[in-house]
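Colleague: For chain A, the structure is supplied; the task is to place chains B and C on it using the hints.
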Amino acid sequence: MRFRIYRYDPDKDRKPYWQDYEALLQPFDRMVLDALTRLKEQDDTITYRRSCREGVCGSDAMNINGRNTLACITPLRGLAEPVTLAPLPSFPVIRDLVVDMTLFFKHYHDIRPYLINADAPPERERLQSLEERERLNGLYECILCACCTSFCPSYWWNPDKYIGPAGLLQAERFIVDSRDRAAAERLAHLDDVYKLYRCRKIMNCAEVCPKGLNPARAIEHIKVQLLRRSS
Amino acid sequence: MRLLSGQRAFVLQRLSALVLLAGVAAATLRLAFGAPAGLAEFRAWAAQPLAAAVLLLLAGALFLHAWVGVRDVVLDYVHPLPLRTAVLLLVAGALVLLGGWTAVIVVTHAL
Amino acid sequence: MSSERPLFLNFARLRFPVGAVASIGHRISGVLLFLTLPFWVWALERSLRSERPFDWHIGPLARVALFLLAWAAAHHLFAGIRHLLSDVDIGSSLRASRASAWAALIGALAVGLAALVLP
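Residue numbers (the numbering used here), protein chains in the order written: chain A, 2 to 232; chain B, 8 to 118; chain C, 738 to 856.
Just chain A, with the same shape it has in the complex:
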């Protein structure tokens, strides 16, 4: 199967370039990550991140044939050749398919991704009703792979100031968590023309999320809650 891979070695190359490969696949090679493993047997300088190989760690997020997704759960069958593998768009490229996630995580930390509750901790757990727990569905499953944020045009134009779909989805996850006591502060923190309101509902995020989440809808809900607070 033919592949075209984005190559860049900061120690050797002045500019990135595309390199063509022919991968000799075994019958049990089903996913793009398997093909990458084969290609690395041919050329061990090809560099990429990978770990769980089952779509839960988010390490091998990359741009495959123009769309962001996880290499380990993207079937090879049906992919147009040459299969183009590129790093996540707009993130600084460290080497080949490995990108710098520093800014992405800086925004994640900015929204305070932890439970804020100063009440005395109970004997065992902070209880939730079934309905309260269900509000976390579609939010907690995020694996922080950055497929969404790196496919968001609003993030491309202002990566340093716009939090991005992943960060905002996580913010919503804590805002609606019934065990958290800081919803008002979280919302106030997001009420900013750059942090939140760069979102124009382009919905690229929902299109590429490998876990099927919808950050655009979460962001919409944040805006609605902000409105309710101020009225």
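Just so you know, these hints were derived from the structure itself, not from any lab. From a predicted model like this one, the values you see are computed outputs, not experimental measurements. Treat the hints with care, as some may be off.
Label-pair distances were calculated between CB atoms; the ranges are [stated by the list, open to error]:
hint, chain 1, residue 1, chain 2, residue 2, range
1, C, R752, A, K107, 23 to 31 Å
2, A, T103, C, L855, 49 to 57 Å
3, B, T35, C, I827, 20 to 28 Å
4, A, N118, B, L36, 18 to 26 Å
5, C, R752, A, R31, 58 to 66 Å
Yeah, the Cβ is synthetic: ideal placement off N, Cα and C, and Gly gets one too.
Modeller: Chains B and C in isolation, oriented as in the chain A frame:
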């Protein structure tokens, strides 16, 4: 640009959009289902003070909507602060002028 | 490693979903409508004031202009309605938003073509 916080701009954009939508819907319905209406009927209608007020409201909504929209575009693409401020002031100025011109047209026709 | 790290942002190599196309169309049509605002205000003035307001001879250049203006107004309106609906959680699911994006794109093109051929 502390004048328009993120939320205020968002709300104004939506409200002005609804006003404009109502105007477009009303005009479409009138043209499609009302008695045949040409330029003369429009002029007669616009000469009434109430109609002039409606037109002013629609114009106000239009220029406000345009301001929030173009401001969004500028905030996205123009990064250096002095340049961004200059562009926003220019746009605001142009919209104020156009808005003023529109108001003059509408009001003088009704008088 | 003192040099700047490169970024991958080659639009020719990215495959944009239909919602992104509708969205960039919304932005382009908005900017176009803004830039032609003087024309709209002038048209209002002519329709209210002058005796023979519009010379209805429409040459090929005017037809192209009419197409662009009609498409811009229609696309901005339809895509705008799509946004207003998703504000109240109508059509926010992925499948629904794809369908509404197609509807807006095709509807606007239809209006533009109508303006091209009808007058």
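Colleague: Are the hints correct? Go through all of them and say.
Modeller: These are the hints, each one checked on the structure:
no. : hint                          : in the structure
1   : C/R752 <-> A/K107: 23 to 31 Å : 28 Å, holds
2   : A/T103 <-> C/L855: 49 to 57 Å : 56 Å, holds
3   : B/T35 <-> C/I827: 20 to 28 Å  : 21 Å, holds
4   : A/N118 <-> B/L36: 18 to 26 Å  : 54 Å, violated
5   : C/R752 <-> A/R31: 58 to 66 Å  : 22 Å, violated
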